[in-house]
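Trainee: What follows is each chain in one-letter form.
There are 2 protein chains.
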Amino acid sequence: MRISKAQIEQAHERIKPFIHQTPVLTCSTINKMAGASLFFKCENFQKIGAFKIRGGMNAVLTLPQDKLANGIATHSSGNHAQAIAFAARQTGTKAYIVMPSNSPRVKVNAVKGYGAEITFCEPNQQARETALQEIVDRTGAEFIHPYNDERVITGQATCAKELLEEIPKLDAVIAPVGGGGLLSGTALSVLYFSPGTVVYAGEPEGAADAVRSMKSGKIEDAPYINTIADGLLTKLGDKTFPIIYEHVKEIFTVTDEEIIAALRLVYERMKIVVEPSCVVPLAAVLKNNKVFAGKRIGIILSGGNIDLSKLAGWFNAA
Amino acid sequence: MRISKAQIEQAHERIKPFIHQTPVLTCSTINKMAGASLFFKCENFQKIGAFKIRGGMNAVLTLPQDKLANGIATHSSGNHAQAIAFAARQTGTKAYIVMPSNSPRVKVNAVKGYGAEITFCEPNQQARETALQEIVDRTGAEFIHPYNDERVITGQATCAKELLEEIPKLDAVIAPVGGGGLLSGTALSVLYFSPGTVVYAGEPEGAADAVRSMKSGKIEDAPYINTIADGLLTKLGDKTFPIIYEHVKEIFTVTDEEIIAALRLVYERMKIVVEPSCVVPLAAVLKNNKVFAGKRIGIILSGGNIDLSKLAGWFNAA
Chain A
1 MRISKAQIEQ
11 AHERIKPFIH
21 QTPVLTCSTI
31 NKMAGASLFF
41 KCENFQKIGA
51 FKIRGGMNAV
61 LTLPQDKLAN
71 GIATHSSGNH
81 AQAIAFAARQ
91 TGTKAYIVMP
101 SNSPRVKVNA
111 VKGYGAEITF
121 CEPNQQARET
131 ALQEIVDRTG
141 AEFIHPYNDE
151 RVITGQATCA
161 KELLEEIPKL
171 DAVIAPVGGG
181 GLLSGTALSV
191 LYFSPGTVVY
201 AGEPEGAADA
211 VRSMKSGKIE
221 DAPYINTIAD
231 GLLTKLGDKT
241 FPIIYEHVKE
251 IFTVTDEEII
261 AALRLVYERM
271 KIVVEPSCVV
281 PLAAVLKNNK
291 VFAGKRIGII
301 LSGGNIDLSK
311 LAGWFNAA
Chain B
319 MRISKAQIEQ
329 AHERIKPFIH
339 QTPVLTCSTI
349 NKMAGASLFF
359 KCENFQKIGA
369 FKIRGGMNAV
379 LTLPQDKLAN
389 GIATHSSGNH
399 AQAIAFAARQ
409 TGTKAYIVMP
419 SNSPRVKVNA
429 VKGYGAEITF
439 CEPNQQARET
449 ALQEIVDRTG
459 AEFIHPYNDE
469 RVITGQATCA
479 KELLEEIPKL
489 DAVIAPVGGG
499 GLLSGTALSV
509 LYFSPGTVVY
519 AGEPEGAADA
529 VRSMKSGKIE
539 DAPYINTIAD
549 GLLTKLGDKT
559 FPIIYEHVKE
569 IFTVTDEEII
579 AALRLVYERM
589 KIVVEPSCVV
599 PLAAVLKNNK
609 VFAGKRIGII
619 LSGGNIDLSK
629 LAGWFNAA
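Those sequence lines, one after another, are chains A and B. Residue numbers for the first sequence follow the working numbering, so the first one is 1 and each next one is one higher. Residue numbers for the second sequence follow the working numbering, so the first one is 319 and each next one is one higher.
Hint data in this document are derived by calculation from the structure and do not stem from the laboratory. C-beta: ideal position from N, C-alpha, C; glycine also. Hints may contain errors.
Claimed, not checked - Stretch by stretch, here's where chain A covers chain B in the computed footprint (C-beta under 8 Å, at least three residues):
1) 360-373
2) 565-571
Claimed, not checked - Quick list of simulated restraints, FRET-style, between CB atoms:
3) A:Thr29 - B:Lys567: 36 to 44 Å
4) A:Thr139 - B:Pro486: 44 to 52 Å
5) A:Pro64 - B:Pro422: 54 to 62 Å
6) A:Asn316 - B:His338: 29 to 37 Å
7) A:Glu13 - B:Gly433: 47 to 55 Å
8) B:Lys334 - A:Thr29: 19 to 27 Å
9) B:Pro422 - A:Val24: 27 to 35 Å
Claimed, not checked - Pulled a few chain A residues facing chain B out of the computed Cβ check, cut under 7 Å:
10) Tyr267
11) Lys271
12) Val273
13) Ser309
14) Trp314
15) Phe315
Using the sequences and the hints given, assemble the complete structure.
Mentor: Take a look at the structure:
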């Protein structure tokens, strides 16, 4: 059964007290470069610094009280871990987060800062899942998947809903795609709140599972994984892929060089802090001039959680 | 004769078509750290990336047509150079900019990008002034000083005017001080538009001429110059100092370590790009808890033009 318009509207009302309505920014210099009117939905200014709080918060707030009392759990090295930790604190329950032992210190500290209990594991999928299962068995905590969960997809959909309500008559909306939670939610909100608008996605060449899955019609692995867009390494799930397959017109891939150029542009011209995954759609728009020129494009800037010490290396190498 | 309220109001109307009304942002994490309510006036989002366009634009727009036709000139390695270059392009005249030969490439390119004619000189004050005088003699261009000019001070005053109109009942406003153009303009706008509000300033320890001048009652040199806040190296002028001496309650100095800590906070928590000079007032507020706790404080974030490759070095050293 498909997520309904009413479910997205209810999710939005539910999470509103806990999230920011993030601003939509424009930049005349970048518009000139793109030959288009770009409207940036700035989820880097969101609570926890990324859109992930929308899905996490919606999932937690829909749990029954007795279930919630056991706590919530997930495995993540990134923004979803912070989202679950933050959501647990907001609702007065406990968060159990499984993180790979090589997680960046800044992300570990952020999760700790929200009061979550961290369990470190070997940095592979099997170890993550084993550690998580052990926690769920022991505590009865509710597992909230980073993207392959309808409560999460419905929450992420509220981001495009806000954008479409603030900026009418967009010709297209473009979002990044990793596991597809944000992209599938975006596609549903466009379908319900601005049906004439076309949905696109941007994906790193070094994690190109989604573009491949769109071609074959089933969930595929990426040919290889090697990109600085560390928020987009995961592959689509059985709840996100069908929505994306049906409602997304095209997925464009971009190289790390193109991601770095877009990153630099956003820092230097828009003066905002974003993470590499976040500028993948902008890089795709700049690269595919023929598709986007002359149009009104909504771009989801997904987050701003970045290890700033890496910027210099990227910019100097480029 | 003192700059009047009407002059500031007229300057604001005059420059409005050419500038952004920049947003005022807040950050709950930083508020918690400061124990105060901080309202950040974000001139890093201003045209050319800094407040300087306000003064530059006001100076250019008040020139008579025949004078304007000869062009405008200044010496600057920083944001004022961009302001004059941008203002010249907006008014269809020519900009002559004297820049020290060691100016960062990114700043030279920005000035070139606005179509200005650049003359390089040895990196010292004498060489700058000689090169500028030669240009003025040859072309009849109007020299617009970066700060010691009433047209410039009046333009910079419009920044605090916007802040005070948007956020009423501020207990204090704090701005950075270099040559004093922004600070003297801020003091005048507070005097006219929010007379109960107290004006403070932040200054780097490594360019502490203003705090010394406030003590002695006359314009002093800094004991030494050594700070990453490269926009605040200049000393007060005979037009800015009297206003500051009369209307600014206190100037607080901060170390480069404190500047870097504040810089990191703004990047990581507010997710915006600012330059080191810009966070000196925030560093001063965090350092002087007894003065600011429990109050509503307006903070002028002056600009966001920064060589991003330097961030890593600062953050890793701290």
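Trainee: Checking each numbered hint in turn, tell me which of them this model violates, lowest number first.
Mentor: Hint check: 2, 14 fail, others pass.
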